[in-house]
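Protein chains in written order, with the numbering used here: chain E, 9 to 340; chain R, 48 to 500.
Honestly, the hints are just simulated from the structure, not real lab data. Even for Gly, the Cβ is constructed at its ideal location relative to N, Cα and C. Do not take every clue at face value.
Computed list of lysine to any residue pairs in SDA-like fashion (alpha-carbon distance at most 25 Å, straight line) [to be verified]: (1) E:K313 / E:L295; (2) E:K306 / R:T76; (3) R:K213 / E:S273.
Computed list of chain E residues with no C-beta within reach of chain R, every gap over 12 Å [unchecked claim]: (4) N22; (5) L28; (6) M96; (7) A217; (8) E288.
Reference listing, derived: stretches of chain R covered by chain E, where coverage requires no fewer than 3 residues with Cβ under 8 Å from a Cβ of chain E [claimed, not checked]: (9) 51-61; (10) 93-106; (11) 197-208; (12) 300-307; (13) 400-406; (14) 436-449; (15) 476-486.
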Amino acid sequence: MVSRKAGAAASTPNVSREELLKFYREMLLIRRFEEKAGQLYGMGLIGGFCHLYIGQEAVVVGLEATAKDGDKRITSYRDHGHMLACGMDPKGVMAELTGREGGYSRGKGGSMHMFSKEKHFYGGHGIVAAQVPLGAGLAFADKYLGNDNVSFTYFGDGAANQGQVYETFNMAALWQLPVVFVIENNQYAMGTSQRRSTSSPDIYTRGAAFGIQGESVDGMDVLAVKAAGTRAVAACRAGKGPYILEMMTYRYRGHSMSDPAKYRSREEVQKMRDERDAIEHVRELLLTGKHATDDDLKAIDREIKAVISEAAEFAKTSPEPDASELWTDITA
Amino acid sequence: MATEILMPALSPTMEEGTLAKWLVKAGDTVKSGQILAEIETDKATMEFEAVDEGVIGELLVAEGASGVKVNTPIATIVVEGEAAAAPTPVIAAPAPAPVAAKPAPAPAPAPVAIVAAATPDWPAGTPMKTMTVREALREAMAEEMARDETVYLMGEEVGEYQGAYKISQGLLDQFGARRVIDTPITEHGFTGIAVGSAFAGLRPILEFMTFNFAMQAIDQILNSAAKTLYMSGGQMGCPIVFRGPNGAAARVGAQHSQDYAAWYAQVPGLKVVMPYSAADAKGLLKTAIRDGNPVIFLENEIMYGRSFEVPDLPDFTVPFGKAKVWREGSDVTIVSFGIGMVHALEAADKLAREGISAEVVDLRTLRPLDYDTVIASVQKTNRCVTVEEGWPVGSIGNHLSAVIMERAFDYLDAPVINCTGKDVPMPYAANLEKLALLTSDEVVAAVKKVTYR
Chain E
9 MVSRKAGAAA STPNVSREEL LKFYREMLLI RRFEEKAGQL YGMGLIGGFC
59 HLYIGQEAVV VGLEATAKDG DKRITSYRDH GHMLACGMDP KGVMAELTGR
109 EGGYSRGKGG SMHMFSKEKH FYGGHGIVAA QVPLGAGLAF ADKYLGNDNV
159 SFTYFGDGAA NQGQVYETFN MAALWQLPVV FVIENNQYAM GTSQRRSTSS
209 PDIYTRGAAF GIQGESVDGM DVLAVKAAGT RAVAACRAGK GPYILEMMTY
259 RYRGHSMSDP AKYRSREEVQ KMRDERDAIE HVRELLLTGK HATDDDLKAI
309 DREIKAVISE AAEFAKTSPE PDASELWTDI TA
Chain R
48 MATEILMPAL SPTMEEGTLA KWLVKAGDTV KSGQILAEIE TDKATMEFEA
98 VDEGVIGELL VAEGASGVKV NTPIATIVVE GEAAAAPTPV IAAPAPAPVA
148 AKPAPAPAPA PVAIVAAATP DWPAGTPMKT MTVREALREA MAEEMARDET
198 VYLMGEEVGE YQGAYKISQG LLDQFGARRV IDTPITEHGF TGIAVGSAFA
248 GLRPILEFMT FNFAMQAIDQ ILNSAAKTLY MSGGQMGCPI VFRGPNGAAA
298 RVGAQHSQDY AAWYAQVPGL KVVMPYSAAD AKGLLKTAIR DGNPVIFLEN
348 EIMYGRSFEV PDLPDFTVPF GKAKVWREGS DVTIVSFGIG MVHALEAADK
398 LAREGISAEV VDLRTLRPLD YDTVIASVQK TNRCVTVEEG WPVGSIGNHL
448 SAVIMERAFD YLDAPVINCT GKDVPMPYAA NLEKLALLTS DEVVAAVKKV
498 TYR
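I would like the entire structure built from these sequences, with the hints used as guidance.
Structure representation (structure tokens):
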């Protein structure tokens with residue numbers, strides 16, 4: 009049961025041109041979607057809480073590349089990227105953000121509470137770490153039914169300090185549940201840095217107490233994410249789960265739209281954007297490897313811009329839910 | 048074609064803000080992500096970034112302007128390559144949003160209330176000062192921490208962040224990191240630590256960022272804090288205050304919008320406080336910190352920014368278990384507490400214009416509860432309507448109805464009506480949220496029903 013740090017070799021490109029272009033497209037889709045969501049929030053079309061995923065795109069895109077049909081995913085309130093990466097319709101997600109009838113929850117869930125049974129996306133949870141035992145429960149069902157599906161259970165470095173995470177680790181290890189615990193370590197639990205909140209910096213080693221294998225992964229490198237995900241998923245499918253992946257990542261925006269972000273410097277954020285951006289990384293691989301031209305990438309940019317515009321338009325024009333919706337869905 | 052840059056909404060409850068500082072001027076070329084201005088909300092000063100590259104056309108709102116409504120144009124920007132383009136806005140549509148997507152409108156300021164002489168909280172002629180509920184809570188904590196070395200504040204973001212809702216602003220500077228303690232996000236764990244320290248003689252003030260998150264820790268609150276004095280035969284008590292915002296804010300969805308008043312009021316061993324005014328927030332919090340028992344202190348985000356008159360006294364406290372009569376009347380008794388008082392007082396104003404005289408009673412504490420004041424009022428008016436934000440089943444109003452029936456049955460000229468929030472999880476959609484919440488019109492309708500008008 010050895011835990012390992014991210015290796016330098018993990019980033020060696022061993023990927024097809026098509027897959028690289030797919031990663032580029034998917035990560036850009038998330039980023040542009042989130043930028044648009046930020047704009048709509050500023051216009052008052054999105055209300056309440058809105059937690060943007062900008063900066064962390066490589067994590068979900070790299071892991072989704074290791075998933076097969078039937079695999080499940082569940083996450084926190086910073087969930088827009090996860091929904092887009094698993095193939096949910098940007099229109100339906102955006103319309104939920106604006107609280108409209110066309111949203112995935114018909115406007116009754118909001119940014120933090122969306123689901124898609126079809127895509128095996130189980131939310132969208134607003135209470136920090138509550139999704140961790142729920143995700144293990146999804147894996148429990150798959151093991152019970154005797155299939156080889158895997159449950160991707162995402163949570164943050166902040167959630168990693170919740171007690172129920174360790175209660176869940178214990179049971180998941182005891183019952184060998186096929187769950188990949190994905191710790192998205194973006195270094196800040198709202199306004200508290202990991203240094204100020206976490207006694208031992210290597211969260212991935214915490215599974216060792218329960219006999220759970222853990223790895224630290226460069227979460228800004230989509231190829232490293234995919235490589236680590238492949239190992240974790242293989243272990244789970246082989247009945248050797250659970251598995252912990254600590255994704256070292258970074259969120260560029262505030263915790264939510266109302267975060268003044270005084271707990272870190274603008275220089276720190278800018279440095280990550282300039283030097284470690286996951287999308288720029290893939291863009292460079294594509295261009296320097298001559299897998300794509302500038303014009304090819306511009307065409308993708310335009311294509312995504314059109315998808316996002318369409319989603320935003322839909323989210324603005326879809327009607328508000330009928331007043332009768334107030335009283336529906338309370339019991340089946 | 049210039050595009051308008053609109054005043055952004057920077058928090059769920061923000062409706063307007065102050066343009067504290069411009070960091071650009073007309074003619075400046077700005078990059079995406081560049082800070083354009085600093086905007087001050089009631090919670091924080093936020094930096095506002097450009098979304099696109101372009102040249103600033105003109106600044107439409109002067110630096111220092113306050114009360115700038117969300118979505119007001121504050122500047123224009125000419126985006127590169129758009130000089131001749133159609134007026135498609137990049138940052139914001141110039142037309143109003145197609146629907147009212149703004150946060151639920153805040154209720155009107157508290158009407159001028161007639162305070163009955165029967166419930167004086169301070170002597171006549173006491174000098175008064177105007178302060179917000181937020182300032183009152185902060186002042187209460189600061190005064191009690193200065194008074195008693197064993198009092199400390201613990202919670203998420205209470206220190207360096209200065210409080211998620213800015214209630215603890217400045218306390219870290221004043222009292223230091225030993226007494227103002229930031230925790231990781233771990234409600235179950237830190238609640239246990241704080242309760243243990245209270246068993247050992249300290250007096251913690253535990254802030255929950257909202258009471259929704261206290262659900263994670265409710266086992267420690269009920270089984271550890273509330274029952275130990277009883278279980279230990281009186282040997283060990285637990286002097287602790289659990290405080291934070293409770294109930295609905297605006298558009299934050301089902302998991303962040305719940306009123307726990309009736310839940311906690313049900314538990315023996317706890318005291319439960321839910322203030323409406325700033326004076327009560329201050330006086331009751333000071334009493335809570337001095338109390339030898341676990342006290343659940345339920346605040347409200349929407350009320351934090353409201354201003355009230357507070358007595359300017361060196362040590363102002365309000366006792367538990369004493370209701371306050373805000374307005375005397377003869378036709379009906381309206382009983383409420385917390386943010387419900389906003390609707391109760393607003394309804395009383397409307398009713399007065401129609402010739403119906405309502406007496407408005409603010410319970411202030413739910414455990415202990417001042418039954419005598421309620422009963423005395425009902426014996427005078429012969430009618431009662433209760434008002435609260437929480438759900439109808441097992442509500443405080445249900446309980447009061449039962450008590451009134453038992454103690455004042457022969458005085459009643461009509462059944463008691465309970466006005467509550469709707470029996471649904473809080474929806475996110477703006478129109479549905481409005482429908483789910485209590486309104487003063489519903490209170491007016493209930494009063495008309497019990498007065499047969």
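We went through each hint and held it up to the structure:
The straight-line distance between the Cα atoms of K313 of chain E and L295 of chain E is roughly 21 Å, inside the 25 Å bound, and the hint therefore holds. This hinted pair checks out: K306 of chain E and T76 of chain R have alpha carbons roughly 24 Å apart, not beyond 25 Å. Taking the CA atoms of K213 of chain R and S273 of chain E, the gap is near 21 Å; set against the 25 Å cutoff, the hint holds. For N22 of chain E, the shortest C-beta to C-beta distance to chain R comes to about 34 Å, beyond the 12 Å cut-off, and the non-interface label holds.
With a cut of 12 Å on Cβ distances, L28 of chain E stays outside the contact zone with chain R, its closest approach being about 25 Å. In this structure M96 of chain E is separated from chain R by more than 12 Å, as the shortest Cβ-Cβ distance comes to about 18 Å. The claim that A217 of chain E is not at the interface with chain R holds, since no C-beta of that chain comes within 12 Å of its own (minimum 16 Å). At the 12 Å boundary, the C-beta of E288 of chain E stays outside the reach of chain R, the nearest C-beta of that chain being 14 Å off.
Counting residues of the region 51-61 of chain R whose CB lies closer than 8 Å to any CB of chain E gives 7, so the stated coverage by that chain holds, three being the minimum. Figure legend: the region 93-106 of chain R, annotated as covered by chain E; annotation consistent (3 residues with Cβ-Cβ distances under 8 Å, at least 3 required). For a cut-off of 8 Å, the count of residues in the region 197-208 of chain R with a CB near a CB of chain E stands at 4, and the three-residue condition holds. Closer than 8 Å: that is the beta-carbon criterion, and the region 300-307 of chain R has 4 residues meeting it against chain E, so the requirement of 3 holds.
Counting residues of the region 400-406 of chain R whose beta carbon lies closer than 8 Å to any beta carbon of chain E gives 0, which falls below the threshold of three, so the coverage claim is violated. With a threshold of 8 Å between beta carbons, the proposed coverage of the region 436-449 of chain R by chain E is violated, since 0 of its residues qualify and at least three are required. For the region 476-486 of chain R, the assignment as covered by chain E holds, since 6 residues bring a beta-carbon within under 8 Å of that chain's beta-carbons and 3 suffice.
When each numbered hint is compared with the structure, violations occur for hints 13, 14.
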